[in-house]
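Q: Go ahead and model the full structure; you've got the sequences and the hints to work with.
Number of protein chains: 4
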Amino acid sequence: MSRTSFFQDLLSSVADRGRGILGPSGESKPSVDAIITDCDTLLTSRGEASGVALAARVLARVNDLDGPGKLAFFQRLAERYSPDPHEVEGAAMAYAEEPTAENLSQLFEVAEPPRQELFRRLNLAPGATRALVDMRRELQAHLSDKPDLRLVDRDLVHLFVSWFNRGFLVLQRIDWQTPAHILEKLIQYEAVHEIHGWDDLRRRLAPADRRCFAFFHPALPDDPLIFVEVALTESIPDNIAGVLSEDRQIVTDEKRTVAAFYSISNCQEGLKSISFGNFLIKQVVEDLKAGLPSLKTFVTLSPAPGFRRWLQNYAAQGSSDRRELVGRLEQTGWAEQEKISKDLEKQVLPLAAEYFLIAKRPDGEPVDPVARFHLGNGASLHQLNWLGDRSEKGMKQSAGLMVNFLYDLSSIESNHEKYAARAEVAASRAVRGLLPAQLAKKLRVPSNV
Amino acid sequence: MSRTSFFQDLLSSVADRGRGILGPSGESKPSVDAIITDCDTLLTSRGEASGVALAARVLARVNDLDGPGKLAFFQRLAERYSPDPHEVEGAAMAYAEEPTAENLSQLFEVAEPPRQELFRRLNLAPGATRALVDMRRELQAHLSDKPDLRLVDRDLVHLFVSWFNRGFLVLQRIDWQTPAHILEKLIQYEAVHEIHGWDDLRRRLAPADRRCFAFFHPALPDDPLIFVEVALTESIPDNIAGVLSEDRQIVTDEKRTVAAFYSISNCQEGLKSISFGNFLIKQVVEDLKAGLPSLKTFVTLSPAPGFRRWLQNYAAQGSSDRRELVGRLEQTGWAEQEKISKDLEKQVLPLAAEYFLIAKRPDGEPVDPVARFHLGNGASLHQLNWLGDRSEKGMKQSAGLMVNFLYDLSSIESNHEKYAARAEVAASRAVRGLLPAQLAKKLRVPSNV
Amino acid sequence: MSRTSFFQDLLSSVADRGRGILGPSGESKPSVDAIITDCDTLLTSRGEASGVALAARVLARVNDLDGPGKLAFFQRLAERYSPDPHEVEGAAMAYAEEPTAENLSQLFEVAEPPRQELFRRLNLAPGATRALVDMRRELQAHLSDKPDLRLVDRDLVHLFVSWFNRGFLVLQRIDWQTPAHILEKLIQYEAVHEIHGWDDLRRRLAPADRRCFAFFHPALPDDPLIFVEVALTESIPDNIAGVLSEDRQIVTDEKRTVAAFYSISNCQEGLKSISFGNFLIKQVVEDLKAGLPSLKTFVTLSPAPGFRRWLQNYAAQGSSDRRELVGRLEQTGWAEQEKISKDLEKQVLPLAAEYFLIAKRPDGEPVDPVARFHLGNGASLHQLNWLGDRSEKGMKQSAGLMVNFLYDLSSIESNHEKYAARAEVAASRAVRGLLPAQLAKKLRVPSNV
Amino acid sequence: MSRTSFFQDLLSSVADRGRGILGPSGESKPSVDAIITDCDTLLTSRGEASGVALAARVLARVNDLDGPGKLAFFQRLAERYSPDPHEVEGAAMAYAEEPTAENLSQLFEVAEPPRQELFRRLNLAPGATRALVDMRRELQAHLSDKPDLRLVDRDLVHLFVSWFNRGFLVLQRIDWQTPAHILEKLIQYEAVHEIHGWDDLRRRLAPADRRCFAFFHPALPDDPLIFVEVALTESIPDNIAGVLSEDRQIVTDEKRTVAAFYSISNCQEGLKSISFGNFLIKQVVEDLKAGLPSLKTFVTLSPAPGFRRWLQNYAAQGSSDRRELVGRLEQTGWAEQEKISKDLEKQVLPLAAEYFLIAKRPDGEPVDPVARFHLGNGASLHQLNWLGDRSEKGMKQSAGLMVNFLYDLSSIESNHEKYAARAEVAASRAVRGLLPAQLAKKLRVPSNV
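Protein chains in written order, with our numbering: chain G, 1 to 449; chain E, 1 to 449; chain Z, 1 to 449; chain Y, 1 to 449.
Everything labelled a hint here was simulated from the structure, so no lab data went into it.
Hints may be right or wrong, so weigh each one.
Stated by the list, open to error - Cross-link-like lysine to any residue pairs, in silico, SDA-like; alpha carbons within 20 Å at most:
no., chain 1, residue 1, chain 2, residue 2
1, G, Lys418, E, Arg203
2, G, Lys272, G, Asp64
3, Y, Lys418, Z, Lys342
Claimed, not checked - From the derived model, a few chain Z residues whose C-beta atoms are all more than 12 Å from chain E:
no., residue
4, Ser31
5, Ala72
6, Arg80
7, Leu143
8, Ser144
9, Gln177
10, Pro179
11, His181
12, Ile182
13, Ala241
14, Val251
15, Gly277
16, Val326
17, Asp343
18, Ala359
All C-beta atoms, glycine included, are put in the ideal place defined by N, C-alpha and C.
A: In structure tokens:
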């Protein structure tokens with residue numbers, strides 16, 4: 001429709017800017033001092049006349065630095081562009097005395113780290129957003145060793161939260177007609193169930209019962225920020241092999257009542273801790289509903305990545321029975337022996353229910369990171385699937401356990417609120433029923449599903 | 001080229017979001033209290049589960065408020081979402097004592113007005129960026145009466161500077177093949193030489209010797225932020241009527257050696273004081289050079305909007321000769337009488353040179369706002385054009401005076417630096433030669449052109 | 001959606017080709033002889049190596065010819081590139097004797113006028129389709145004087161029917177976001193109810209209760225072939241002024257039950273007699289139904305352009321009463337006098353019913369050209385509207401009479417067949433009821449609506 | 001640029017039409033009789049009201065036919081829709097007697113096989129062009145057995161030549177940003193040097209020294225018609241392994257002086273004998289020159305697919321020396337033995353020169369099909385490359401011989417003309433110098449390169 005064409009058209013230039021790879025600086029060995037001098041100039045120049053060129057030069061030179069050079073640069077950023085403590089103190093006292101617009105304005109001006117303004121000015125250059133995201137990725141490696149670098153990290157996060165605001169993100173369907181240079185990134189970034197080359201990718205995108213969606217940002221046009229893979233099925237799937245099987249029956253349109261989100265992967269390390277997943281899932285649920293009225297149920301088919309580690313700690317502190325149980329899970333091949341497997345199922349599933357419903361981190365939230373994500377979005381814990389993932393990784397992380405979280409639009413809001421307020425875990429009767437009676441009593445409030 | 005098509009495609013959805021007009025809230029009379037309650041919830045909610053819907057409701061309700069309602073809302077924003085003075089003081093003192101990453105992080109967190117976070121969260125809703133820009137437009141009207149509202153204004157400016165960073169802007173050529181709903185905005189926004197309807201617009205866009213460029217932002221896809229109109233000519237034009245004349249000779253491609261920027265208009269009141277013009281002009285110069293190698297000279301044909309007002313003040317403080325001269329300019333019809341006009345030219349042009357080269361505001365910058373803009377960009381004052389604009393507006397503002405500022409890429413950088421550092425005005429020998437000898441001596445440094 | 005973006009992208013080049021205006025040949029006075037020599041070369045060259053350049057030169061030179069030059073060129077085309085009568089005769093006899101594949105192939109080869117191959121080869125050049133359509137437009141002017149030129153015309157028609165096959169046409173919605181250079185063509189081509197400039201155009205495109213659709217061909221990207229204007233209304237409109245009124249109430253979405261096609265205009269004289277209208281209307285009906293489920297009724301609001309002329313002939317052959325009636329319609333101002341108007345209505349409407357239902361051309365089809373078009377498409381005559389068009393043109397052509405033709409998808413097929421087979425006019429009971437009893441008996445078959 | 005966006009936009013609908021896969025007819029076993037009845041109706045219906053639906057039904061039913069069903073359908077087409085011999089004879093005689101416009105028109109009408117009109121009407125349906133091209137592909141298989149089906153084939157060819165006229169084709173660059181569903185077709189269609197999966201494809205598209213271009217038709221948006229792969233190199237390449245080597249040095253921009261077309265593949269069997277290659281190569285040469293001014297030389301690196309077959313025939317008729325030579329080429333492994341290979345080179349290259357320059361088919365054209373193609377385009381035979389292709393296929397077809405044909409824009413026209421007129425082969429002095437003296441004398445005219 002003509003509604004969007006002019007706009008599409010005009011965006012080709014932002015695309016080109018975003019794509020503009022910063023060439024090498026052309027210098028044999030850029031000096032960190034010289035880069036910092038440029039940063040100072042960029043930061044203090046009153047007009048913006050030469051800003052674009054200067055920003056481009058800084059970013060190209062930083063890009064040319066070797067590892068130690070980059071670390072030195074980060075350290076200079078941390079030392080140099082923080083607020084002046086005395087100025088801040090003065091401004092804070094003035095504001096405390098007289099909280100006027102003038103004083104607040106002054107306070108904010110001196111309290112905001114000049115690094116933020118520096119990063120904003122670096123962003124003038126074509127391709128700068130990409131370069132800054134990459135810069136933060138490289139910064140991550142040093143954070144544990146050099147705690148002061150967190151100053152730099154926080155300023156980047158503060159800007160990225162603003163720039164990558166949901167209001168600026170773009171949801172895009174990914175399918176077999178998507179350009180190859182985007183598709184190869186899915187292969188590269190898939191974090192949950194590895195994509196084994198192009199034929200495997202085609203099987204996840206092309207069939208009529210598959211969907212894939214990603215968020216993009218206009219300034220990073222060739223790089224998904226996050227993507228989710230969806231299978232349209234007749235009933236709630238309880239194992240990943242069935243979902244991915246080439247031999248599966250592709251159900252006809254009107255029988256597709258379930259959308260199963262079976263993989264969700266963040267793509268940009270440089271955007272770590274800036275969360276897109278909840279927006280993505282909600283938007284995808286809405287778009288799928290609108291386009292496919294036959295869909296009634298929206299669930300995940302999720303791994304339980306922390307389960308076996310928890311189990312081990314738990315066993316270490318528990319009875320010898322438990323240690324023995326954990327020991328049996330460490331044997332290989334039990335999953336193929338039906339009798340043993342059945343026996344283990346009876347013992348392990350109640351522990352899995354405990355893992356999700358009772359076990360907490362010190363801050364009161366569930367131990368499992370995937371559970372925290374979906375519960376925080378307002379989903380509920382719907383079903384535990386014994387041997388849902390028999391892959392090596394699945395067996396290792398969770399003894400093959402998989403979970404369905406349910407996105408029920410009518411209760412998502414209240415689930416979210418209860419979880420946000422009291423870390424209360426919404427769970428189905430079936431899952432709660434797995435808990436031993438004495439633990440079931442511990443559940444703070446009867447869950448609603 | 002296929003490089004951009006996927007991206008164009010994916011952006012149709014951001015376009016649709018950007019376009020999403022916030023419907024009326026559907027409530028008979030939304031209460032400011034209820035809106036503020038929603039704002040509080042939005043700001044304090046830990047998860048972002050319901051953020052999008054909540055943000056959309058706040059914006060729809062604000063949109064439904066009448067004038068006094070909006071003012072009340074703005075005042076609540078100013079009162080309610082400022083930093084806590086005592087928290088800030090405490091954090092500032094801690095940081096002054098021990099300027100650690102932890103303390104700085106804490107300081108910045110309490111010193112940043114919560115309003116900024118509120119606006120960022122409001123921006124989650126589709127169409128929110130448009131709504132926030134409009135909100136600031138309406139806020140402007142109250143700033144002189146209610147100085148406290150400047151708190152709100154400053155926070156919006158701070159965010160807009162970040163969101164509308166050059167790195168996110170899109171340069172787009174506007175021509176007769178541009179969608180009509182964009183073109184009608186040019187008619188509406190043109191601020192320098194009024195566009196008299198569609199036929200006039202066509203004359204500025206369709207002919208082979210015309211160009212027009214605008215900056216857009218992905219989140220405001222249907223609204224130019226700023227645009228510039230360009231005439232391609234054989235020599236530097238000295239009057240606007242010739243440039244716009246329907247009967248002009250359209251010079252052949254290879255004779256087009258001059259690109260004359262004859263009009264530049266900002267479009268969004270809500271983005272006042274966030275400057276795009278210098279980026280626009282420089283980008284357009286680069287794009288024109290690349291596409292049309294015959295172009296050698298890039299100049300403006302600019303009004304001198306402050307000239308007659310300055311002349312009047314100047315006369316009021318000066319000799320009776322000067323008062324008489326100003327009086328003669330107040331007569332009507334002198335421009336049509338060649339002898340009088342010639343006589344006035346001799347007397348007025350030296351004053352015009354003084355106006356641009358010598359006269360300064362208290363801050364040391366030139367009096368003329370257009371001059372400040374182009375000189376600040378690194379252009380030089382190239383030529384003064386007597387009776388360059390005989391329109392009513394032109395005669396009233398500047399006794400018909402027009403000016404060419406020259407964008408010479410080889411000196412733009414040094415011009416800019418000298419101007420930024422010492423407010424030094426780069427001017428051609430011809431313009432400097434108009435100054436009376438005793439004033440010429442006052443020029444701080446010999447100019448370079 | 002990404003499904004179409006690569007394709008959109010690749011088509012920019014066909015667009016550019018289609019747009020490629022053939023420059024002037026650069027010769028002071030191209031000779032028809034030289035052009036014909038080029039045509040001969042183009043036609044006989046075995047390889048196609050130089051075809052594109054040669055075709056471009058022929059078209060550029062033809063374009064440069066003055067009026068008499070073009071006529072001379074057309075005459076040469078008519079004389080020179082017809083099949084050789086004796087070859088055809090020989091091939092026809094051979095085929096008659098032995099109707100083998102070989103002989104048929106040979107026959108078709110010699111019977112197809114070489115002009116068709118010439119036109120196909122001319123079409124190799126960029127912009128050639130546009131040039132050939134324009135060529136036929138110019139040819140039209142000479143057809144009545146020079147009947148031999150019909151040879152050329154028929155060959156062009158034969159090719160255009162193939163090239164502009166429905167399978168290659170593109171339906172495009174036109175709205176206020178359509179590029180201006182397309183929109184100005186609507187103003188220029190509107191043939192039914194004149195568009196008075198851009199503000200009027202905006203009123204027909206921008207409001208929520210308006211739609212406009214056009215057919216395009218990939219090789220003529222900037223030129224609609226035909227377009228239709230649609231009003232979405234609450235009930236079947238009975239006059240054009242109400243439809244176009246600025247003060248009309250814009251009905252809400254769910255109340256829009258009627259789509260009224262109030263204007264349909266062919267745009268390309270060079271494509272005269274190649275019919276697009278029926279495909280357009282059917283496609284638009286389908287698209288509107290799919291997008292706006294509230295629509296239940298699809299009608300036209302059509303002029304009756306032949307009515308008064310028929311009435312005059314009819315009166316000339318009829319009683320003095322009739323002559324008097326026709327005389328009264330020739331008075332000006334009667335439409336404003338209610339009593340007279342009411343009186344005339346009673347007498348004229350039965351004649352209008354006769355005009356549509358009984359009056360026939362020698363070939364058995366209805367006299368009214370608009371009626372032939374819609375009835376041929378399978379529409380039925382639904383309603384006669386007294387004083388539906390009080391414009392000067394409307395009063396002159398049809399004494400203000402307007403007609404609704406109904407596109408009822410369930411009967412369109414059988415209507416069409418009956419009309420195609422027996423020129424039977426489908427009409428509503430209401431319209432049939434207007435006929436005097438003795439005429440009503442003449443209706444061959446009871447109509448179905 | 002906005003010039004193309006509206007058009008791109010409008011073409012999404014032709015794309016969707018073109019893509020519209022004809023669903024199964026839904027009937028258990030469509031009868032050929034029923035299909036032919038529909039064809040009759042489609043052909044005779046006066047109005048076009050129901051044409052689209054009818055055409056769609058015919059195509060869907062044909063698609064559902066099994067092999068024998070299709071053959072029966074083709075035979076009915078051949079028998080039923082040929083011109084009436086007696087009508088044609090009558091019309092031909094009338095025209096021979098009196099060659100008027102009227103009589104010619106009548107003649108052409110009865111001489112054109114009604115099949116052509118039938119195919120044009122079938123093309124009304126969405127996706128019909130695709131279906132008709134596929135129909136011809138299936139028809140090919142029967143042509144040798146059932147010569148009468150050539151009637152049908154010729155009519156399809158006649159239409160396809162018109163529909164796939166160069167004027168309607170679209171040149172599109174293919175690169176790593178092209179949608180995957182297009183790219184997988186390159187893998188499938190590559191006919192010269194097999195593409196071994198996606199990684200291999202990426203190596204042919206993504207590097208800076210690779211280009212690929214294809215022709216598309218608007219009605220077959222997802223299917224290339226023909227594509228060519230190009231390597232940008234520093235000098236004329238003499239072997240394919242070097243061109244495709246992963247370890248090759250990628251030369252810098254300014255050193256790329258040669259564009260080597262190393263593979264050109266037709267994609268649509270259903271468009272066999274409708275030639276696109278010459279247009280493609282010439283257009284690509286022009287586009288490359290315009291975009292990369294450093295390019296000076298345009299050559300192919302071509303196989304010589306008929307060389308060994310010719311050599312065998314030649315040997316069979318020749319001396320025992322020759323038979324022995326051919327016998328040595330049949331040994332495996334000689335290519336790896338330098339001494340043997342050197343020795344063979346001396347003996348075989350003169351024969352290769354003879355193969356290209358002297359050996360002719362009965363029609364006087366060169367024996368080698370690739371040579372016929374490039375020479376017919378106006379290229380010249382530039383260089384013979386011993387062991388240019390050591391792949392199994394290369395050794396088998398041509399004992400490893402590869403050839404460079406040169407596209408020299410300044411002589412392409414005269415080369416083409418000489419070749420078209422007298423089958424004269426343009427060849428470089430170097431190639432001609434390989435001929436034994438007594439054969440060199442046979443060359444009709446000294447070649448020009």
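Q: Compare the structure with each hint and give your call.
A: How the hints compare with the structure:
1. Lys418(G) - Arg203(E): Not OK: Lys418(G) and Arg203(E) at ~63 Å, beyond 20 Å, violated.
2. Lys272(G) - Asp64(G): Distance ~24 Å between Lys272(G) and Asp64(G) Cα, so the pair is violated.
3. Lys418(Y) - Lys342(Z): This hinted pair is violated, its Cα atoms lying about 83 Å apart.
4. Ser31: At roughly 27 Å from the nearest Cβ of chain E, Ser31(Z) sits farther out than 12 Å, so the non-interface label holds.
5. Ala72: For Ala72(Z), whose nearest Cβ neighbour in chain E is about 32 Å away, the distance exceeds 12 Å, so it holds.
6. Arg80: About 38 Å separates Arg80(Z) from the closest Cβ of chain E, which puts it past 12 Å; holds.
7. Leu143: holds, 34 Å
8. Ser144: holds, 36 Å
9. Gln177: violated, 5 Å
10. Pro179: violated, 4 Å
11. His181: His181(Z) not clear of chain E: closest Cβ-Cβ about 5 Å, inside 12 Å.
12. Ile182: violated, 8 Å
13. Ala241: At about 25 Å from chain E, Ala241(Z) clears the 12 Å cut-off, so the statement holds.
14. Val251: holds, 18 Å
15. Gly277: About 26 Å separates Gly277(Z) from the closest Cβ of chain E, which puts it past 12 Å; holds.
16. Val326: Correct as stated: the minimum Cβ-Cβ distance to chain E is 43 Å, above 12 Å.
17. Asp343: holds, 45 Å
18. Ala359: holds, 43 Å
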